[in-house]
Amino acid sequence: MTAAAFWILATVFAVRLYFVTRWRSSTAFLAATGVGVFGLFTTGVVVPEATIDAAMGGHNVLHLVRNLCVTVAVWLVREGIFSAYSDGDGYRRQLSHRPAVVGFMALAIAIPFTFQQFVPTTSEYLPENLNQPAVFIYAVVYMGLLGLLAMSVLKVCLRRQDSRPVRVSAAVVATGMTLIVLACTDEILFLSLEFVSTSRELTGILYMLFSPLFYTGVLLTSLGLGIPPMVKAGRYFQLQDRTALLVLTLMLSRSYWELGPTTWLHKVGESFTTKDPSGRLYEFMIRASDHRIAPTGKPTPWLASRVLTSVQSRFDGDPCSLHSELQTKAKP
Amino acid sequence: MERSSLTMEVLKSLDLPQYPNLSHLVAAVEGKYGKPLVFEEGSPETLGEGVTGHWIDTPTHGIVRYLPGVKSWSRHVVLHELSHILLGHKGKPFDGMLSAGFFSGVGKRRGVSWMCRAVDVPLDEAEAAAENLAFGLAQILQSAPKKSISKAERVFGL
Numbered sequence: 001m002t003a004a005a006f007w008i009l010a011t012v013f014a015v016r017l018y019f020v021t022r023w024r025s026s027t028a029f030l031a032a033t034g035v036g037v038f039g040l041f042t043t044g045v046v047v048p049e050a051t052i053d054a055a056m057g058g059h060n061v062l063h064l065v066r067n068l069c070v071t072v073a074v075w076l077v078r079e080g081i082f083s084a085y086s087d088g089d090g091y092r093r094q095l096s097h098r099p100a101v102v103g104f105m106a107l108a109i110a111i112p113f114t115f116q117q118f119v120p121t122t123s124e125y126l127p128e129n130l131n132q133p134a135v136f137i138y139a140v141v142y143m144g145l146l147g148l149l150a151m152s153v154l155k156v157c158l159r160r161q162d163s164r165p166v167r168v169s170a171a172v173v174a175t176g177m178t179l180i181v182l183a184c185t186d187e188i189l190f191l192s193l194e195f196v197s198t199s200r201e202l203t204g205i206l207y208m209l210f211s212p213l214f215y216t217g218v219l220l221t222s223l224g225l226g227i228p229p230m231v232k233a234g235r236y237f238q239l240q241d242r243t244a245l246l247v248l249t250l251m252l253s254r255s256y257w258e259l260g261p262t263t264w265l266h267k268v269g270e271s272f273t274t275k276d277p278s279g280r281l282y283e284f285m286i287r288a289s290d291h292r293i294a295p296t297g298k299p300t301p302w303l304a305s306r307v308l309t310s311v312q313s314r315f316d317g318d319p320c321s322l323h324s325e326l327q328t329k330a331k332p
Numbered sequence: 001m002e003r004s005s006l007t008m009e010v011l012k013s014l015d016l017p018q019y020p021n022l023s024h025l026v027a028a029v030e031g032k033y034g035k036p037l038v039f040e041e042g043s044p045e046t047l048g049e050g051v052t053g054h055w056i057d058t059p060t061h062g063i064v065r066y067l068p069g070v071k072s073w074s075r076h077v078v079l080h081e082l083s084h085i086l087l088g089h090k091g092k093p094f095d096g097m098l099s100a101g102f103f104s105g106v107g108k109r110r111g112v113s114w115m116c117r118a119v120d121v122p123l124d125e126a127e128a129a130a131e132n133l134a135f136g137l138a139q140i141l142q143s144a145p146k147k148s149i150s151k152a153e154r155v156f157g158l
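Protein chains in written order, with the numbering used here: chain F, 1 to 332; chain X, 1 to 158.
Hints in this document: simulated from the structure, not taken from any laboratory. Misleading hints may appear alongside valid ones.
Residues of chain X placed beyond 12 Å of chain F at every Cβ, according to the derived structure [claimed, not checked]:
| id | residue |
| --- | --- |
| 1 | Leu6 |
| 2 | Glu9 |
| 3 | Lys12 |
| 4 | Ser13 |
| 5 | Asn21 |
| 6 | Lys32 |
| 7 | Tyr33 |
| 8 | Leu87 |
| 9 | Gly88 |
| 10 | Lys90 |
| 11 | Gly91 |
Per the computed footprint, the stretches of chain F lying under chain X, defined by three or more beta-carbons under 8 Å from a beta-carbon of chain X, are [to be verified]:
| id | region |
| --- | --- |
| 12 | 54-63 |
| 13 | 116-130 |
| 14 | 159-167 |
| 15 | 229-240 |
| 16 | 273-283 |
| 17 | 286-299 |
No residue lacks a Cβ here, since even glycine has one placed at the ideal position from N, Cα and C.
Full structure from sequences and hints, please.
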C-alpha cells in the first residue's frame, strides 16, 4: 500500500512538474506532491528505514522528519484547494493560511520529540516508546494537527464545483482525507489507551487499523490530485479519438476494404501517430457509414458497430435534425 | 484526408463567420451559385442503389437530395453535393440519362444536369475533388471556440 502510494505520488509529481513548467499549474499541489513523495520515501519503500535513519544519527529522527513532511504536504494540498475554490486571495489573510502557521505546527510537533530519551533505530518506535510522556505528546499533537488539517481539506473539497474533472478530483481527495481523519482519530485513541495501559486486545486492533486507513487515504489523495493532469493529457493527445480510430481500424479496415496485412498494420500504426486523430476518425466514420449502405457491404461486428455509433453521435453535434437545420436560413 | 490546394482555395473564397454552422454555409453556397437551393430527403428508389445523394441543377434552382441516415453522415452527403456547386462542376446533362425515374419531379427540360455520390464506384477526378472539399467543409463546421478554463480548473491542472 505504502509502495503503491509512493510510486503513484512520484508519477503525479513528475507529471505536475511538467504541467507547472508548461502550463503554469498550481505550485502548491506540486510542492505538496513533492514533499509527500519525500515523506513516503522515508517509509523505506526504496531505501530501508534503518539506513536513512542511520544517516540522520540513528535515533528515530526519521520518524519526526516523515511526520513533518506529511503535515506540510497536507497543508499545501489545503492551500492548493483553497486557492482553486476561492475567487480572490482574501482567504490568505486568515491565520491558518499563513506560511508561519506551518512553522508553528512543525515546532509544536518537534519540541516534545526533542524531550524524549532517545533510543536506537526501531521499526516499532511508537509502541515501544509510548511510556515516555514526551513521545506520547509528540504523537498526539502530530495526529491532532494532521486530523484538523485533513478535516479542513475535506470541508473545502465538498464545496460546489461546476467543472466535472475538478469535482471528481475533489471527491477522491475528500475520500482520502476522510480516511486520514479516521486514521488520526484511531491513532489518538490507540496512543491514549496504550499510554494508560488498558486492554491490549483493543489497542492491538486500533494499532492494526491505522496503516490501512492512513495509507489508503494517502493513496486516494495522490490519485485525486493526479486526475486533472490525466484528463488534460487525454485531451491534449486526443486519446478518446485515437482509441476509437484504433478499434475501428483493427476491426473493420480488413473486412470492409480487404486491406493487405502490411497496409492494415500501417493504418493501425497511424492511429497512434496521426497529428489529426479527430479528422481521421471523421473520415473513417464517413467511409464506414458509406460501406454499410453499399450493396456489397460486409457485416459489422457488434463492438465495432457500438464504437461507430458513438463516433457518429460525437460528430452529429446539434441535436436538431438535419432536415430542420437545412431549412433554417442564416441571418445576414 | 489532406486538404488539396483547390479545397484550400475554395474555403478561403467563402465569406464565412469564424465558427460557421450549416445555415451559414448554405447561404454562402447559394450566394456563389446565384440560385436558391432546395433540400430533400431521398430514398434508394429515388436516388438509385448505392447512391447516397445527388444534386440536380435546373435553370431556376438547385435540388440537393440526400439519403436520410445518421445525421453526421447525411450532412456529409449534403456537403459533398454543395462542394460540386462550389467547385463549379457542370454535371451530366439530364437528357443523356437513361434511367431517370428519380428525375420525375424535375421534368424533362433542357438545361437540367445532375451529379450523384455513389458509394460503390471508384471516384473520378470531379468526385474526388468534391469529397476532398466536403471533408474540408466538415472540418470548418466542427470547429468551435476553445472553452475558457476556470481558476479551479487551472489550479487543479486542467
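Verification of the supplied hints:
no., hint, verdict
1, Leu6, "18 Å, holds"
2, Glu9, "19 Å, holds"
3, Lys12, "18 Å, holds"
4, Ser13, "17 Å, holds"
5, Asn21, "7 Å, violated"
6, Lys32, "14 Å, holds"
7, Tyr33, "15 Å, holds"
8, Leu87, "18 Å, holds"
9, Gly88, "22 Å, holds"
10, Lys90, "24 Å, holds"
11, Gly91, "20 Å, holds"
12, 54-63, "violated (count 0)"
13, 116-130, "violated (count 0)"
14, 159-167, "holds (count 5)"
15, 229-240, "holds (count 3)"
16, 273-283, "holds (count 4)"
17, 286-299, "holds (count 8)"
Hints 5, 12 and 13, counting from the list given before, are not met by this structure.
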